[in-house]
Structure formats: structure tokens, C-alpha cells
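Here is how the chains run, residue by residue.
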Amino acid sequence: MTAVPALRAALRKSANRHWLARLIIGAWVFQIPLFGFLSPESLMGRALDRTSHMGLLMMTALLAFSSLALADSLISDILPARFSTCLMHYRHVGFMSMALVLVITGGGFAVTLRAPLVLSSFLVPALFCVVVTVADLWSRHLWSR
Amino acid sequence: MNPTPTRYALVIFRAVLALAWTSTAAAAAVTVAKGAPIVLDPTVTVLTVILSTLAGATALFIRINNLLLKQEADREEGCEPRKFVRPWLFATAHMLGSWLMGVVAFLAGHAFGWDVWYGLMSVVLLSFGGATACERLAERYLSVLPLAPPPVPHKP
Chain A
1 MTAVPALRAA LRKSANRHWL ARLIIGAWVF QIPLFGFLSP ESLMGRALDR
51 TSHMGLLMMT ALLAFSSLAL ADSLISDILP ARFSTCLMHY RHVGFMSMAL
101 VLVITGGGFA VTLRAPLVLS SFLVPALFCV VVTVADLWSR HLWSR
Chain B
1001 MNPTPTRYAL VIFRAVLALA WTSTAAAAAV TVAKGAPIVL DPTVTVLTVI
1051 LSTLAGATAL FIRINNLLLK QEADREEGCE PRKFVRPWLF ATAHMLGSWL
1101 MGVVAFLAGH AFGWDVWYGL MSVVLLSFGG ATACERLAER YLSVLPLAPP
1151 PVPHKP
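Those protein sequences? They're chains A and B, same order as listed. Using the working numbering, the first residue of the first sequence is number 1, and each one after it goes up by one. Using the working numbering, the first residue of the second sequence is number 1001, and each one after it goes up by one.
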């Protein structure tokens, strides 16, 4: 049983392999609703003004998911190993939920404002979320093999 | 018991039978819109495809994560970690269920004239539900091919 701490340390090292990508996507998604709320003259602020309360709800959800991603990255990747959180085991749910909310938000804006090109600025981070999730699961699978 | 190609084909046939109910649901959704012209908005159509794919992938990733957690627990207990058995079979079950329910949600939203926000959210929820239901159906009825066999202890 003395090997269990070593195994857990190796698992954590494997799970933290893509920490920079997670930090980047967390910060990237965090700034989208932040600028929308704080700067009404920005693109997101104008889009929020012209859509219903659902746009506000989706932006709030984005802010919540990206805050969780940043918290997970800060606690599991940057702080020393004695700090740990259960968020680490549910990363895939968080990042995929973030991707889904990004696509719903972009799609809602694109259809409501009749501007399909707006969608591209949401699809790229959504794709990044999926890539980060797949890379994270793949590195854990390689470790478990 | 090693699965032969005949047994494998039988499993797929049973999966098709288990999924046959979705065509009835889709027909019901289209019947509601009978008489009204169906004009598909290309943006909403593309969004439906993307969202149902993402929702199915989410259900699939949750399943893979559960198996990885079991593998990690097996390793901690000193057992041989269990293997992924026929990953393409359960990946296909998840994605098929997700896409079918995404189409049903899209048709229902179109027939009832839902708001775009509610329509997109219903696509996500129904697609995820369809993928999860297919996973449960696969585990319940396709028992000849277990997705995750029990771990084998290490020999001393």
C-alpha cells in the first residue's frame, strides 16, 4: 500500500499535463461575458442589449463555468500538491458544458441579431474546449494503460 | 465466451430494434407540422448538428471518465485494470442516440415554433438524454458483449 501515494502523485502529474491549455481556455471564456457586462459599448455588450433575458442567463452560465475552470486550474495545477479539489475529476463535464453554452450563446446571438458570422467567435473557443477535454482524457488513458 | 461475427451482427440488429422507437417519435413531430411548409434555417440546422454532436460527446466522455476512474481504483487496489471492450460499439450507441434525439428536438421545435434559445436548449437536453438512454439500453439488452468486464487480480 506504500505505492498508493506514488500512484496518486503520478496520476496527478498525468492529469495536470495540459494545465496551460486549461488556463488559457478558462481565461479566454471568462473575458467574453466579463466585457459584455462591464462594457455596454463592446460587441458582446451590444449583443446583450438586443437579446432577451436568455442571453443574460447564458452569459452568466459562461461566467460561472469559466470561473470554475480557472479555480480548478489554480488549485490543481498552480498551487502545491497538498491542495486538491474534486473538480479535477469532473473537468470533462465542465469543459463540455462550457462548449455547449458557448455554442448556444453564439447561435442565439447569430439567429436573433441575424448575423451568422458572430457564431465564429464562439465556435473557436468551443472547439478548444473539446480539444482540451479529449487531450485530458487521452493522457489519463495512456497513464492507466 | 468469444463473440463471433454472427453474434456481433446479432447484437447490432438488436440495437437497431431497440432504436426503432425514434422513427415513431420523429413521425409524430412531423405530423404536427402537417400542412405548414418546412423551411429550414441553415444556421439553426448547423447549430443542431453541432449541439447534438457535442451533447453525445459529453455523455460519451462521462462514460469514459467513469471507466478511467475504475481503472485507477483497480490499479490502487493492486488488480489488473479493466480494459475498454469494443469502444466503437458504445461510442456508436452514444452518438446515434444523441443525433436521433437531436433530430426529434429540431423537428419538434420547428413544428411548435419555439423560440431559438429554447429550441437550442431542448436540442442539447434531448440529445444528452438520448445518448444516456442508449447507453442504458446497451447495458440492459446487449449483455452478450459486456462493456466493462470485472477486473482480474494480479497473480503472485
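Treat the hints loosely; a few may be bogus.
What the hints assert, rightly or not - Here chain B is said to cover these stretches of chain A; the calculated rule only asks that three of the stretch's residues, wherever they fall, bring their Cβ under 8 Å from a Cβ of chain B: (1) 36–42; (2) 100–110; (3) 116–130.
Said to hold, decoys possible - List time: in silico SDA-like cross-link candidates among lysine to any residue, alpha-carbon distance up to 20 Å: (4) B:1083 / A:141; (5) B:1070 / A:85; (6) B:1083 / A:139; (7) B:1070 / A:34; (8) B:1070 / A:53; (9) B:1083 / A:143; (10) B:1083 / A:86; (11) B:1070 / A:124.
It should be emphasised that the hints constitute simulated quantities derived from the structure, not laboratory data. Virtual Cβ for every residue (Gly too), placed ideally from N, Cα, C.
So, going through the hints one by one against the coordinates:
no. : hint           : in the structure
1   : 36–42          : violated (count 0)
2   : 100–110        : holds (count 6)
3   : 116–130        : holds (count 5)
4   : B:1083 / A:141 : holds (10 Å)
5   : B:1070 / A:85  : holds (19 Å)
6   : B:1083 / A:139 : holds (16 Å)
7   : B:1070 / A:34  : violated (38 Å)
8   : B:1070 / A:53  : violated (42 Å)
9   : B:1083 / A:143 : holds (13 Å)
10  : B:1083 / A:86  : violated (25 Å)
11  : B:1070 / A:124 : violated (33 Å)
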